[in-house]
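Could you put together the complete structure from these sequences and hints?
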Amino acid sequence: MDFVDVAIIGGGPAGLTAAGALARQLHTAVVFDTQTYRNKNSTHMHMVPTWDHKDPKDFRAATKDSILARYSTIRFLDIGVTSIEKKTDSHFVLVDANAKEWNFRKIILAIGITDTFPDIEGYAELWTKRIFHCLFCFGYEDRGAKSTGVLVVLPISPMTGIYMVIAANAAQLSDEVTLYTHGDEALAEKLSPLAKALFKIDTRKIQRLVDNGGSSVTIQFTDGSVKEEASLVHNPKTTVQGPFIEQLGLDVSPTGDILAPPPFHQTSVRGVFAAGDCMTPYKATPAAIASGCNSAVALIAQLQAEKHSHPP
1 MDFVDVAIIG GGPAGLTAAG ALARQLHTAV VFDTQTYRNK NSTHMHMVPT WDHKDPKDFR
61 AATKDSILAR YSTIRFLDIG VTSIEKKTDS HFVLVDANAK EWNFRKIILA IGITDTFPDI
121 EGYAELWTKR IFHCLFCFGY EDRGAKSTGV LVVLPISPMT GIYMVIAANA AQLSDEVTLY
181 THGDEALAEK LSPLAKALFK IDTRKIQRLV DNGGSSVTIQ FTDGSVKEEA SLVHNPKTTV
241 QGPFIEQLGL DVSPTGDILA PPPFHQTSVR GVFAAGDCMT PYKATPAAIA SGCNSAVALI
301 AQLQAEKHSH PP
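For the sequence shown, the positions run 1 to 312 when the UniProt record's numbering is used.
None of these hints come from the bench; they were simulated from the model. We put the beta carbon where it would ideally sit given N, CA and C, even for glycine. You can trust all of the hints, since none of them are fake.
List time: in silico SDA-like cross-link candidates among lysine to any residue, alpha-carbon distance up to 25 Å: (1) LYS129 to THR43; (2) LYS237 to ALA287; (3) LYS64 to ALA23; (4) LYS205 to PRO236; (5) LYS237 to SER216; (6) LYS54 to ASN169; (7) LYS57 to GLN35; (8) LYS100 to MET1; (9) LYS54 to PRO281; (10) LYS40 to ASP119; (11) LYS57 to THR73; (12) LYS40 to THR255; (13) LYS196 to ASN169; (14) LYS200 to TYR140.
Label pairs and their in silico Cβ distance ranges: (15) LYS87 to GLY256: 22 to 30 Å; (16) ASP65 to GLN220: 39 to 47 Å; (17) VAL93 to GLN220: 47 to 55 Å.
Laid out in structure tokens, this is it:
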């Protein structure tokens, strides 16, 4: 039976970083990449040294090219994975989208997440253009704005308190911040003690969002009134991609992410590690890179311990 050391599911920053770490210890790995990335519509990335305000597509391509140019133990396949079955702690059977069966010793899930957008006309078109989930990744370019809006709108991240943090981030970059609850009076009442006099709360129901040529967004309310904002911030509900939580019986966190505690990011199933957006509520490229490195280093320690018959 032919084995490959590690299957990396996902070719974003986390998966690429994990591949580079594995290569440094001569471990074999296959990176399965469906090329579906959360920031696929973004033209700029930030907070990554030497790559600040550059295209994430170029970052992924350059990272992949550098791995292939220097190392010989890593393969990249632009194909998805349909199933993973655990046989033992050091044997996993994987089936790819072409129905090919593979045998791996360990797994790294760097599968990313899918955002669930609210049912508001214009939202999807404005996502990553004038609607941002993170004001570290976006927002600086709009510094000094007169007003920024925060959408506290279903489907919403279960961490309601995060919206006070987001509002504070927005206030650092703009003169005025308004939290929009889209007609949810109960939610507005819940937020009111937190917002206090610092941020406005608007409960009007939103009819549509209109892009003003990429420079701002107009909120049109069902009562006919309108409000212009430089940008909107929203942290929508996210879902881990793929069927692997169920197939492998992985534990999940209260936010629905794969439970893979730092610093080593092993999941509840021995031999399966997770990295990137799928295992943390803090979904940003630098965090994905860090977890990709840590998960690979921990996996290598486990793999080599089993090879030489010593713990862990």
